[in-house]
Amino acid sequence: PSSSPSLMPSVHPSTKPTITDSIGPSPSPSNRPSTTPSVSPSNQPSTAPSTMPSSSPSNSPSASPSVSPSISPTSTPSFIPSFIPSTSPSSSPSSSPSLIPSLLPTSIPSSSPSQQPTSSPSDMPSLTPSVPPSDAPSSVPTPCPPCPASTLVIDEITDDSACSADYISNPISVIEHVKETDCVRFAVNQTWASPNADRTYMNFTDCDTGDTRCEKREVVEFDEQIGEYRAKCVDGFATIDVFIQDTGALSTNDNVFIPDLCFPKENPPGFRCLWSFKIACDCPNPNCIFDGFCSSDRDCCSQSCGVDNQCSM
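Its first residue numbered 77, the sequence shown is counted upward by one per residue in my numbering.
Just so you know, the hints here were simulated from the structure itself, not pulled from any lab data.
Don't take each hint at face value.
To be verified - The list that follows gives simulated cross-link-like pairs (lysine-lysine, DSSO-like), each with its CA atoms no further than 27 Å apart:
{"no.": "1", "residue 1": "K292", "residue 2": "K341"}
{"no.": "2", "residue 1": "K255", "residue 2": "K354"}
{"no.": "3", "residue 1": "K255", "residue 2": "K341"}
As the list claims (entries may be wrong) - Pair ranges (Cβ atoms, derived):
{"no.": "4", "residue 1": "P101", "residue 2": "P125", "range": "13 to 23 Å"}
{"no.": "5", "residue 1": "S126", "residue 2": "P169", "range": "33 to 43 Å"}
{"no.": "6", "residue 1": "P177", "residue 2": "G286", "range": "46 to 56 Å"}
{"no.": "7", "residue 1": "T150", "residue 2": "D384", "range": "51 to 61 Å"}
{"no.": "8", "residue 1": "P169", "residue 2": "M128", "range": "49 to 59 Å"}
{"no.": "9", "residue 1": "P181", "residue 2": "S130", "range": "36 to 46 Å"}
{"no.": "10", "residue 1": "G382", "residue 2": "P165", "range": "41 to 51 Å"}
{"no.": "11", "residue 1": "P335", "residue 2": "D311", "range": "17 to 27 Å"}
{"no.": "12", "residue 1": "L83", "residue 2": "P129", "range": "22 to 32 Å"}
Positions of the beta carbon are idealized from the N, C-alpha and C atoms, including for glycine.
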């Protein structure tokens with residue numbers, strides 16, 4: 077070789093590369109790529125992308141994303157999630173769940189249930205019930221609605237010798253079964269003396285205190301409501317004693333003892349009568365609804381609503 081470079085370039089390129097690098101870069105790129113890569117990378121990126129992809133990936137990621145997406149997907153997933161969601165869903169599901177939940181729910185439900193329950197309940201109930209029943213019963217029983225008042229049975233349990241008179245129609249009527257306190261709200265009507273009854277005493281177990289309570293009314297017209305009261309259910313029944321004290325409707329042979337709690341009038345002797353009534357606080361049959369059919373367990377006093385829409389014991 078010459079001891080110094082030529083003053084001007086050769087007309088034709090050398091048949092083989094020089095042993096040492098040029099002092100500076102060529103003013104224009106080569107007509108074709110080198111057969112081997114450079115020993116060290118360039119100081120700055122190329123002004124235009126390569127015409128074909130590299131045979132192997134880069135040693136480090138690019139500082140910024142590509143201007144357009146790749147023609148085909150990468151062979152392995154990225155280590156970190158994308159900054160923005162994809163414009164269309166993946167062609168196949170992921171092999172494992174995402175590290176964090178999606179910002180929005182999916183448009184359709186999953187084809188299979190989750191592997192484990194969610195940490196908190198759903199915001200709204202399911203449109204359809206679960207396919208299989210629960211493995212264990214609920215921690216609290218299904219609340220049973222109060223029985224309709226018309227289904228509660230009222231029985232008179234008076235001793236035949238307790239009163240010589242009789243009422244025209246049952247003076248006791250049930251208004252409501254108060255299930256939360258296990259009480260019965262009832263009304264008493266004057267149905268035994270015309271034009272009026274002198275004194276009437278209602279003796280029962282008070283719903284609020286659980287103690288015996290006696291209510292007194294004087295001079296009540298026939299078919300007039302004496303009052304509404306609430307009796308506590310004891311052993312499944314609410315017992316109401318109706319004492320009357322009347323010189324016109326009764327006789328001296330009616331000499332029933334009236335409790336001192338009622339403050340009865342002492343004179344004249346006799347003319348005291350008693351009717352006792354017992355109200356069943358439980359439904360006479362499993363169905364707690366008027367038409368006899370149930371649509372859910374809440375309609376039943378018993379365990380559950382069956383497939384035939386009948387409450388089962």
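Discussion item. Flag every earlier hint the structure violates by its number, smallest first.
Written reply: Numbers 3, 8 and 12, in rising order.
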